[in-house]
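Following the hints, complete the assembly by docking chains C, B, F and V onto the known chain E.
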Amino acid sequence: MSKRRQRSNRKNLLTSPGTLTYVGPEIELKTEIKRVDFNARFHREEVVRNIAACAPDQLNKDPYITWIDVDGIHESHVIGKLGQLFRLHPLLLEDVMNTEQKPKLEHYDGGNLFITLKMLHVEEEEPLCLNAEHVSFVLGNRYLLSFQEERTGDIFVPVIERLKASVGKTRRYGADYLLYALLDIIVDNYFLILEKIGDKLDQMEDQIINGSPKFSLPELYALKRELTLFRRLVWPLREIIAQLLRDDNPLITRDVTPYLRDLHDHSMQVIETIDSYRELLASLVDVHLSSLSNRMNSVMKTLTIFSAIFMPLTFIVGVYGMNFENMPELTTRYGYFVVWGIMILVTIVLVVYFRWRKWM
Amino acid sequence: MSKRRQRSNRKNLLTSPGTLTYVGPEIELKTEIKRVDFNARFHREEVVRNIAACAPDQLNKDPYITWIDVDGIHESHVIGKLGQLFRLHPLLLEDVMNTEQKPKLEHYDGGNLFITLKMLHVEEEEPLCLNAEHVSFVLGNRYLLSFQEERTGDIFVPVIERLKASVGKTRRYGADYLLYALLDIIVDNYFLILEKIGDKLDQMEDQIINGSPKFSLPELYALKRELTLFRRLVWPLREIIAQLLRDDNPLITRDVTPYLRDLHDHSMQVIETIDSYRELLASLVDVHLSSLSNRMNSVMKTLTIFSAIFMPLTFIVGVYGMNFENMPELTTRYGYFVVWGIMILVTIVLVVYFRWRKWM
Amino acid sequence: MSKRRQRSNRKNLLTSPGTLTYVGPEIELKTEIKRVDFNARFHREEVVRNIAACAPDQLNKDPYITWIDVDGIHESHVIGKLGQLFRLHPLLLEDVMNTEQKPKLEHYDGGNLFITLKMLHVEEEEPLCLNAEHVSFVLGNRYLLSFQEERTGDIFVPVIERLKASVGKTRRYGADYLLYALLDIIVDNYFLILEKIGDKLDQMEDQIINGSPKFSLPELYALKRELTLFRRLVWPLREIIAQLLRDDNPLITRDVTPYLRDLHDHSMQVIETIDSYRELLASLVDVHLSSLSNRMNSVMKTLTIFSAIFMPLTFIVGVYGMNFENMPELTTRYGYFVVWGIMILVTIVLVVYFRWRKWM
Amino acid sequence: MSKRRQRSNRKNLLTSPGTLTYVGPEIELKTEIKRVDFNARFHREEVVRNIAACAPDQLNKDPYITWIDVDGIHESHVIGKLGQLFRLHPLLLEDVMNTEQKPKLEHYDGGNLFITLKMLHVEEEEPLCLNAEHVSFVLGNRYLLSFQEERTGDIFVPVIERLKASVGKTRRYGADYLLYALLDIIVDNYFLILEKIGDKLDQMEDQIINGSPKFSLPELYALKRELTLFRRLVWPLREIIAQLLRDDNPLITRDVTPYLRDLHDHSMQVIETIDSYRELLASLVDVHLSSLSNRMNSVMKTLTIFSAIFMPLTFIVGVYGMNFENMPELTTRYGYFVVWGIMILVTIVLVVYFRWRKWM
Amino acid sequence: MSKRRQRSNRKNLLTSPGTLTYVGPEIELKTEIKRVDFNARFHREEVVRNIAACAPDQLNKDPYITWIDVDGIHESHVIGKLGQLFRLHPLLLEDVMNTEQKPKLEHYDGGNLFITLKMLHVEEEEPLCLNAEHVSFVLGNRYLLSFQEERTGDIFVPVIERLKASVGKTRRYGADYLLYALLDIIVDNYFLILEKIGDKLDQMEDQIINGSPKFSLPELYALKRELTLFRRLVWPLREIIAQLLRDDNPLITRDVTPYLRDLHDHSMQVIETIDSYRELLASLVDVHLSSLSNRMNSVMKTLTIFSAIFMPLTFIVGVYGMNFENMPELTTRYGYFVVWGIMILVTIVLVVYFRWRKWM
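Residue numbers (this note's numbering), protein chains in the order written: chain E, -12 to 347; chain C, -12 to 347; chain B, -12 to 347; chain F, -12 to 347; chain V, -12 to 347.
Next comes chain E alone, as it looks inside the complex (with noise of 0.2 Å):
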């Protein structure tokens, strides 16, 4: 999600439009494609060796639900393969492997419901930095297609727990079910992502007030630059819900609005506490810059008390120090003492005036 990646990634900028090509950072990992197939009574696992074994042929005889999930799709061999076997649209295969593309959901031809979106990844801790998963789904009859940008970390893994464990509604409900059972497993990614920052965030808060802060104002608009990218990738994703609950899609079964509904809600939430935690970063960012003056304010005013109480003195100092041949003062006994004194009380009244002034 740096401001760099984003940029070069684009490199089939002049190849003929319609092409596959990865265009995120290179991968070495090689695609790996688990297959799962269960229904209420059945659960069967495995990691798919040869694509053609996540055919949908079977599909239709048996009453189970197929969930195909890839990991990796830089390979655009594999993507083209496993189009042909669902019969997806090549522009659809595009999306999938298009790392750039933002979140949207397009319905196709062949009755296929497309949707692409981001997970979101913590790179790095200090200074915080995003990183952003290109994840994509495709609802069919009786089938879901998953694909993941990298395999190392696959947040699915509750889910396939879940299935294998018979454990909650997963199981007796359909793809749709499935489809927002790992949706909502991203969406509670992106709370949990916001709790690091909303912890940075109290920790610069606490700092500011404590007076001692310990970052810079560039680490703060980084943290509103992240803040801003984050927006920018889930507000499309409540738009996704709200159509996949608008559209009166065969695919997406009655049981199942409530669960979207109650997804849509929390994606809301989502961006609220982004953009509160925007306003809190702004408000930091005020109370940043006005502690720079009130330093700088304190500064001077130590630089004026010593120059106004050391002045007079050097001044009355010097006097005496003149080489006039006659200076009665001098030669009177306790002439020295004398000035001592005076000097004394200049400085006193020098420092009762900078109190009252609440300098000091």
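Some hints could be false.
Identical copies look the same in the list; a pair holds intra-copy or inter-copy alike.
30 Å max Cα-Cα, derived DSSO-like pairs, lysine-lysine [said to hold, decoys possible]: (1) LYS345 x LYS187; (2) LYS345 x LYS201; (3) LYS345 x LYS211; (4) LYS211 x LYS68; (5) LYS201 x LYS91; (6) LYS156 x LYS91; (7) LYS211 x LYS187; (8) LYS89 x LYS201; (9) LYS68 x LYS17; (10) LYS21 x LYS156; (11) LYS187 x LYS89; (12) LYS89 x LYS68; (13) LYS91 x LYS21; (14) LYS211 x LYS183; (15) LYS151 x LYS21; (16) LYS345 x LYS91; (17) LYS68 x LYS91; (18) LYS183 x LYS201.
I should point out that these hints are in silico values taken from the structure, not numbers from a laboratory.
Chains C, B, F and V alone, transformed into the frame defined by chain E:
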């Protein structure tokens, strides 16, 4: 309503959706349920010991209104049981218990009307910190359920008293007027909090005008944040009441609509007052910042005046501190006094100059 | 219109809704009611002693227009009685007495047209503080009721005079034109207040251009707040007149519509002038703030010039104040004068340098 | 267009509405009326001495177009007479004379089309001050009336010349094209003024880049205010032309619509240029303010360098100015010269240090 | 795209409307016209010497597509001739030549589709200055005309090459796909420019983080202005493509719509990137300004430290430079060394103090 609480409340992030969990802070008090049955001629009030005693089955026989006032929403079994008695939708119950749920109105299939909103308390006076209590209402045919987050300080007491004393229209009208009366109390409560905030702003303004602000910028921003949150909670309320007025719900009788319209006006007034406070706060921030510059100016002027007066004087006495053998002035009789005269003259000239430039 | 008054007015916060209470500041004067009956040939004006004398029952027999002008809205029994005579809705009466009610137009079942708005007075000149008087009109068939908050300074006098002198179209046209004439006076009054504010802004601008602003930032912000409030009161008026034009109300005759359109244009002009004043104020604030920086700059330059000139000089004289036994310069004949020469040279060089840098 | 004039113009505040009064500044010149009759083959131009000679009665007999160009709108009897001749609505005449009327288009019952807008003149160059001249058009069947506020500098001259010389399409087409031609001249005039403002902005920008801005902040804000006013006057014009295109007015023939569309594009371009100038001005203000900070920085550095160099030196010479009896250094042979060496060394070290910190 | 050029271009301000005039900067090159005829099996490319050779009369007989690529739009007779050949509307030709025309799409009566937009070039690298080239397309039945402002650097070359080499779908599809291919090249070109701007922003950001910004505020604002202009040119393009998709134009076949949708997505991405750059720029400005304050702070601290340390020391040595006859310390044996000790102590105390306050 502090930023911290708000975040840490989503404890059930990764649990299966649809499970009843109270997510607010832990409260030790047990749920207390009060039941009031009344019509124009009849009134009965009791504290419910056994949840079954809430059962609405006798509702159809007797032409009186039943109000179940539930204090405490952290015991999921109690809420669940009530849900069974009144045949409430599980998602409705979830929203009753989810203290993070923002205000909304929903119609449920059984014909129930569900409203959830926030009651506000001043948690701390200095710095002002608001606390949002989650309140929900279920309006059915001839009954009203009300749910409050915490038992301490029930603000519905005036309505309970009015019902007992047969004062006002509450006894004559139906459950919809009771709902209105309770909503009205909540909105009136908003005005009380606005008054507290207003007093605080008045204080701050006076301090600024007197030139001795006793508050810091972070305090101003904290207050601004509370106002922002306040607004975010009241804004949907306005929409909820508008929806009640717009919809042609049989539960809302024509007699009650003018009162709801009045309530709508009041919620508008709350929002407008919040907005004017936010504007006032923004200008307080600006004035505060510019007063920093002003003080800096005054410090700098002091420094400049001291330097400008004593530097020439120190130079003059320095001149006659030189040890040249041939310095004619030193041997003159009144040289020393002439130098004093010159120094006094220089001082006067400079003081006049600075007065002319309005620095003194 | 001061922030304080506005808040403390909601005294009836926790009373039962629908009760007639005057919430404005306490006023000792008693309500004064004036009745004017007129048509093109006939005119009668009387001060009403007994409220019953306002009764509209003879309205139907005589083809003249009746105007009841009520000065003072704090005596609820008077307002209540009038409401009975003209069969006005209780909520309408509540709005007549609620000085916090913002401007609005409402149609009531009886065919009455209810308009409430704010008249503005300059309460204090220095600092400028506006005062909003609550004014309401009830337009019925052949009669108009007008309600003003305070008796002092009735601005409807010109219309009363015009009716008496049979000047203008007021006598020829119906009650709708009378309503227009009164609204027109209120809007014209807005222009007078705008002129006062404009003069104040002109003064401030001149002071800034002359470089001697006699106002402080809080004063600018106070003026801005008055303008904001002004705008908030005029804005709904524009909508009210537009509604009068849009609606096909039989009480508004076709002859009067062009005048109402004219009034609409004027209210637009008020809002635009307010907006341009607000913009002007914002730039005054900016200029004021930057003038602070400018003055700081000038203070700093003075300090720097003094320091830069006297520090080298003081150093030079310090050198020859040293007591080394072997300092050849001290014993030369013109050493002292040479040093003076050097010091004058140094001064000239520095002055030239600072002139070149445009600091002097 | 100065703020002052704009306000003082509403002299007729409290007079009865519907009276013809010229509210602009007093002008001594008498109204001058020019009449041009033309069609493709025929052309007659005369200065009208007697208003009756403007009478459109012969219009129906001859198939030519009549254009009455009125210079001066301050003589209400002249305007009133013309209104009688062409049977114009009194409110239309009022708008012709009300120089405060903002641009608008109105259809009147008689089938006339009334357009009023503002022509702009540069009143003063330094500081740039715009002057808005009130211009109105009445388009009727086969005639066009045009009204200008002041006689000096008639910008319609090119059209008069073109009609005389039979150049362009003006002679061939009807009164609607003539209206277009006059509007076009006004819009073209806007571009000339934009160019003047643009040149001024260019100058200012160059001065800022060269680091020697010769303008003050109030000047920038004054320019911004002129631009805001400019925009406010052009904005409704865009809407007026759009309305001419949208409405199905029989007075506007199909041949003229493409030209009006072109005019619409031009008025859009004016607004966009104004907006880009405003943006440029905003950034000029920002740069100007930051240059204040920059200069302050440079002043402070100078002060710091002087202080930091001469303070240690003055201290050193002070040390050897002490009068202790036992100060071994004083009696050494080269003590004085060693001290000079030390002082030069200290100076070099400090200069190197400040160079390293990039302060010199 | 510099502010200056944009303004001075409207040379034909006061000429009669509807005249063909090229308003861009003067270019000496002559118009160069290239004609390409092609279908899936056939391809012919020629440089047109005689404009008549562009004639589309044979278009109806042969089932191939004709593309006329015109380089140079400053010779009005050439453009006029082409307009006659293809029976184009005069206003269309005017827009082709008016380099100030902002992007738009228009349908003309003859069934032609007219699109005009801007191609961007980086004119200068340091400071970055963009140059907008005016490009227009006329899509007819089986032909496409393209007009470019300047002949140097034809960016349509890749498409010409693809046609020649029979690569991609360009040869198989119709004129609408050719239009898409050319639009696509222009949008891709936008991305290249965005990348350049992005690199520049990266550099600036790095410099700020390293604390040594090598750019000035005016430079940042200049870049911001370029981005604003960029956005203003791309924004209508997005609308143009949306219109192409929305309208049911027979010239746009169904095969091409998915590609246009893709192009729409890309233009959205351009706008979003511009927006994120603008936001980044805004924060760079803020950070830059605050770094000024920071540097001022550091300068002031240095000054204060020097003053605070040397003022007391200078005072001390001044004391013992006094010439009183009775100063007991002067005659003590180690007085001088004790004074040195005291001075070192004072210095240490002050250094410790400033370290504690984190000023050193």
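Consistency of the hints with the structure:
1. LYS345 x LYS187: Answer is between: at 24 Å across copies they meet the 30 Å cutoff, but 35 Å inside does not.
2. LYS345 x LYS201: Both. Shortest intra-copy (28 Å) and inter-copy (13 Å) distances satisfy the 30 Å Cα cut-off.
3. LYS345 x LYS211: Cα proximity of LYS345 and LYS211: across copies only (28 Å, versus 37 Å in one copy).
4. LYS211 x LYS68: neither (41 Å within a copy, 46 Å between copies)
5. LYS201 x LYS91: neither (40 Å within a copy, 41 Å between copies)
6. LYS156 x LYS91: Classified as both: same-chain Cα gap 27 Å, cross-chain 27 Å, threshold 30 Å.
7. LYS211 x LYS187: both (12 Å within a copy, 20 Å between copies)
8. LYS89 x LYS201: neither (35 Å within a copy, 35 Å between copies)
9. LYS68 x LYS17: Within. Shortest intra-copy distance 15 Å satisfies the 30 Å Cα cut-off; inter-copy 53 Å does not.
10. LYS21 x LYS156: within (21 Å within a copy, 36 Å between copies)
11. LYS187 x LYS89: both (27 Å within a copy, 25 Å between copies)
12. LYS89 x LYS68: Within one copy, since 24 Å is at most 30 Å while 45 Å is not.
13. LYS91 x LYS21: within (24 Å within a copy, 41 Å between copies)
14. LYS211 x LYS183: Close inside one copy (14 Å) and across copies (24 Å); limit 30 Å.
15. LYS151 x LYS21: Close inside one copy (13 Å), not across copies (46 Å); limit 30 Å.
16. LYS345 x LYS91: neither (60 Å within a copy, 52 Å between copies)
17. LYS68 x LYS91: For LYS68 and LYS91, only the intra-copy Cα distance (23 Å) is at most 30 Å; the inter-copy one is 42 Å.
18. LYS183 x LYS201: Result: close within a single copy only, 18 Å intra versus 34 Å inter.
The structure is inconsistent with the numbered hints 4, 5, 8, 16, although it conforms to all the rest.
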